[in-house]
Amino acid sequence: MEAESNRRDEIHQLVKEYERICRNITVILNGVHSAQPGEIEAIARKALEKFSEVRQHIQSLAQIVPYQQYYRQLNLSSRYHDIWTRAVQTSNSLAAFAVYLLEERFITIEELQTLSGVPVNINNDLQEFHISVEEFLHSLINLTNELSRFAINSVTQGDYNRPIRISKFVKELHNGFQLLNLKNDQLRKRFDGIKYNIKRIEEVVYDVSLRKLNTSV
Amino acid sequence: MNQIPVGSSSPTISIETGVTNSRKQTTDDNSNEVETQKVKETGVRALFSTLRDSLDEHYNTREIVIRHSKDITFQSKKLIYIGHRIINSSLDAILKEAAEKHKEIFQLFKDICVHLSGVNYFRYLRNMSNGFQEYTEAMAFLRYLEHGDLIKKDEIEANLLDESGNKFLQITDLDYVLGIADLTGELMRYAINSVGKGDHTRPLEICQFLRNLKAQFSLLNAKPNSPIGKKMEDMKSNLQKVELVCYALTIHGSEYPKEFYEFIVSEHSRSSESIYGH
Chain A
1 MEAESNRRDE
11 IHQLVKEYER
21 ICRNITVILN
31 GVHSAQPGEI
41 EAIARKALEK
51 FSEVRQHIQS
61 LAQIVPYQQY
71 YRQLNLSSRY
81 HDIWTRAVQT
91 SNSLAAFAVY
101 LLEERFITIE
111 ELQTLSGVPV
121 NINNDLQEFH
131 ISVEEFLHSL
141 INLTNELSRF
151 AINSVTQGDY
161 NRPIRISKFV
171 KELHNGFQLL
181 NLKNDQLRKR
191 FDGIKYNIKR
201 IEEVVYDVSL
211 RKLNTSV
Chain B
1 MNQIPVGSSS
11 PTISIETGVT
21 NSRKQTTDDN
31 SNEVETQKVK
41 ETGVRALFST
51 LRDSLDEHYN
61 TREIVIRHSK
71 DITFQSKKLI
81 YIGHRIINSS
91 LDAILKEAAE
101 KHKEIFQLFK
111 DICVHLSGVN
121 YFRYLRNMSN
131 GFQEYTEAMA
141 FLRYLEHGDL
151 IKKDEIEANL
161 LDESGNKFLQ
171 ITDLDYVLGI
181 ADLTGELMRY
191 AINSVGKGDH
201 TRPLEICQFL
211 RNLKAQFSLL
221 NAKPNSPIGK
231 KMEDMKSNLQ
241 KVELVCYALT
251 IHGSEYPKEF
261 YEFIVSEHSR
271 SSESIYGH
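Residue numbers (the UniProt record's numbering), protein chains in the order written: chain A, 1 to 217; chain B, 1 to 278.
Please note that the accuracy of each hint is not assured.
Stated by the list, open to error - Some, not all, of what chain A presents toward chain B, calculated at C-beta under 7 Å:
#1 Y70
#2 L179
#3 L180
As the list claims (entries may be wrong) - Residues from chain B that keep clear of chain A, each with C-beta distances beyond 10 Å, as calculated:
#4 Q75
#5 F122
#6 E157
These are calculated hints, taken from the structure and not from any lab test. Backbone N, C-alpha and C define an ideal beta-carbon position, used for all residues, glycine too.
For reference, chain B alone in the conformation it holds in the complex (with noise of 0.2 Å):
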């Protein structure tokens, strides 16, 4: 655009008086429309203060739902670790220790549920997801130490009651299902604790309970790369984990006194990692 010819003779002279021009013109004769000009910019900034507040709130609520999703995987961790204690401590005394650390889940749960009322349940759910996630897994995880068994939605959900008795938030299907899908982790681990305490049957009902749950999974028909589909991943791994205990147990069984499973087992696990790269 700049070859385009102007028809001056000196680019230089016509910038010069073009700047000059155009400053008379707006101090000179254009004082009314550097009026509107302001009202309209004070216009602006009243309308962009307005928004910037809405987004200063959203942000807000934000960053308190992260903060506490953070705390309440923390804490959720935590109840595993204690549930992971029953190899050498009594199941009353666990569920005794666990109760109380649920006290601290509960309250931040709690804190959070006016934040996730209504329409923002869903709007800010991604953030909170992952609380409860772990919070369903470190439940999940308790119960199968209690009963054996695998916990339902609604069970969880229970935990989740006010004063009034009502339940004050829900969890989705997806996080309850990708919640369970994290249990299998654990219960690899605890498979293979179990053995080390010289327990024989506990990692043949875990493997079991993994094969029922795996079945169930694969019910649910999730595509591979889906949130669902990439957990089912590491859940074949702990299941062949668990497996492969068994089978280390069943075969050595016969052979070495109880002493010697713990060893055996820990080489297993060792050797079967390196085999599947976990």
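Okay, chain A solo, but in the shape it has when bound (with noise of 0.2 Å):
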């Protein structure tokens, strides 16, 4: 019990400089909300540059938590992945946002591996430290919040078309929901919760076409 309590105070240690290196990335990518439109691909390769300090604290951590262990309950209410489930959703979601910014696309679970330095649990069967699908989910649900956000500031910024498509992209993020079988959880509980991101892009995009503001689609 003792080593067990040990071995969880390192986890919090790591998990505690792992969220201050996503902080950092936080902070790169949100100078895309006061960017000009040009600046935008510089800002997300300075934070994709960064991801190699959080492979590195993911690896720490992959090393530290005992192998098969992932899981590991420490009561009935807590368990070892819960300590950093929090900051692994924000790093990939950092991660997404970094990859849609440079090309405009969804970030593919290979991208998410390479990023990130371990694997995703696409098959249910890893044994080792990864990242859960759940996580993965988690983290697109977050990338709404981001982008709704960008639609917002990227019309103040003078860039008109880019709400477009984002609205088209979020919506394709949508559709792409409606093809899993969620049940009652906090995940179908986030996921209710695109659609206001949704309705928030939706309405900067009215604006802007009603003002004739912008050129293409």
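Two independent chains are provided; combine them into the complex using the hints.
Shown next as structure tokens:
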């Protein structure tokens, strides 16, 4: 029990540092909300470079979590996994956002694996440290939050076409989520939240096209 | 945002032209873009299909584990009922019947263990905990009936061996402790029942056993609102009930013939229920 509590403290410590890196990347990516359209690519690249640090932190986390104990239960309500899941979700959504900014498309599972340095548990068979499918989906939902904000701010920056592209992208993502057979859990609740982001983005699109500010679709 | 002047005299017209403009552009010159859009969409579809299959598998496994856990809980409860019948039948008969019932439970554990291997053990443990706890409780109760002592975790797990003698499932410390905490409830019932039978020494034995158990539990230093802490409260009231039974026995033992005990004790436990609200 003593050893377990020590390990838990160590994990907490590592997650704290990991979250710090995530915050740094968030700061970089937040720059896009006040950037000129031309600067966005550079910002995305800078953020993606920072992922080498994310990889390092996830690696050290992965090393400290004992084999097959990824979900180890500490008491009835918390597990090892719960300590880092939020941080993993954050860094995933940052990766997804950066990839979107760079190429305006979805991050692929392979890319996420490369950026984070750990595999995604697609076949439910990974015994070591991994990113769970739920975490990946959560981070895509986080991405829509960020994009709805970006749609508004890109208008402020004079980029009137972007909200329309964002709207398309988010709707695609929403369609994708509708393919899933979600149970009544956290993921379902958060998925229901996507529509508010869509609505916000659509309002922006409406305002822009109403005033014929956009040039093309 | 709607209040910002647009510079167009009539907003209705601008909407209409805006719509026709955009429609023309997508159909006419952007056929290439439409192509890539399609490719992108199938990519998204493929991505989400993969994710869906993965999630479905996870949900399925969880469902199976939950179902087995419920079955194990249910069968373990039956095992406990069998144990309680010791009041009216012999220990040997009880143990024989229990061994039969145990086979069913064993099979359930055997079936579920493939889903609880490796990393999945902890992944689905929450869904399985109730089953483990109830099973612990049942095994501990039977053990007490047979030997009058506390079963160890290894001894419970020793029942879960495959053909080659390997342990195929383990029980966490927490589930063991919580299961044992539930045992006090069964022992309380057993104490009261045995008075009904005219057995005077049994409640005193049980009382002593529960006191020891409670002392051991307080060593765990559990927080009041933790799972163990909550169970401690139940344990306390169970012990108190047994203590009242012992009290009733001692105080009335000198006054009445044996046949009256059942009546006296049932009266007493009823009044203590109104005192402690249980």
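Broken hints, numbered, in rising order? 5
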